[in-house]
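Okay, here's what each chain looks like letter by letter:
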Amino acid sequence: MSFCLETYLQQNDDYEILVQRSGVKQCYKLIEENSKELIHVNPGDKVLGARLIGLPPIPVGINEDEGAILITYTKPCHGTAAIKIPISPEEIESVRAMDIGTD
Amino acid sequence: MKALVLLGCPEAPSQTPIGLYASYKLGQMGYDVTVSSNPAAGKILDISDPEGVYVKKRVDIEKCLDEIEEGDYDLLVGCVHKDAAATFFITYYHILKCKALALVFSRDAEEVAEFADMVESSTDADIIAVRAFHNPNPIKVKFDKYLKTLEE
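Keeping their order, the protein sequence lines are chains A and B.
Heads up: the first sequence at position 73 corresponds to 72 in numbering that gives the first Met the number 0, and the numbers run straight through without jumps.
Heads up: the second sequence at position 138 corresponds to 137 in numbering that gives the first Met the number 0, and the numbers run straight through without jumps.
Be aware that a few hints might be false.
Here are the simulated lysine to any residue pairs, SDA-like style, with alpha carbons at most 25 angstroms apart [to be verified]:
(1) K144/B <-> K62/B
(2) K62/B <-> E31/A
(3) K74/A <-> C97/B
Chain A is nowhere near these chain B residues, computed Cβ spacing over 12 angstroms in every case [unchecked claim]:
(4) Q27
(5) P38
(6) Y53
By construction, these hints were calculated from the structure, which means they are not laboratory data.
Note that CB positions come from ideal geometry on N, CA and C, so glycine has one too.
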């Protein structure tokens, strides 16, 4: 089953909003500060079925001990939010495999 | 040739007229133009252009983002007047990998510089950056000059 971030955020309340209605760089800083592990993806790469919007390289935080990832979520009229979403160990592995690395 | 005009939050009054103008002028130049807009901007376009004289094709900005692939368009023109608009433009650019123009505008000169820097640092897009908010004419003047370069 594919994951739809938009639907997930509408239908669940087990995610944590670190900040909302913010700028993308501020959100990246929060993700970097609150993540035990960081990977990076390209703008438009699909993480859990959702194309990530942002400036390259886009940081995605992984907190494996919490079973969660940290990503940004941008809406045109509402700015960017940094959110922490619980996901399964298998989904963590698939997210980790998307790392483009940074030089 | 296919062009995509990207319109985000319509908070800046200049966005809608410049979006309509861009769609119209690019159409006159022979582009098959699609406007990708968020729901609020889309509703304003529906009221502004009820018979689709200037905007022939319109899609939802997030649905479009989910579906587009490299090579779908030959030209991307995006209005950038908010942080979120810059990130949407940059993301569309990286997916489409085509020639692109960012129309950067705000009433605040510092914001214009900040958004222009975001686009310049993250893409090879052409950039028009002006102070404009209510009056779209400063954007139009530079956009017209840019279109002449496309015709050459």
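A quick look at each hint next to the structure:
1. K144/B <-> K62/B: At roughly 32 angstroms apart (the allowed maximum being 25 angstroms), K62/B and K144/B break the hint.
2. K62/B <-> E31/A: Roughly 29 angstroms separates the two Cα atoms, so the pair is violated.
3. K74/A <-> C97/B: holds (23 angstroms)
4. Q27: Given that every Cβ of chain A is farther than 12 angstroms from that of Q27/B, nearest at about 27 angstroms, it holds.
5. P38: violated (9 angstroms)
6. Y53: Fine: 21 angstroms to the nearest Cβ keeps Y53/B off the interface.
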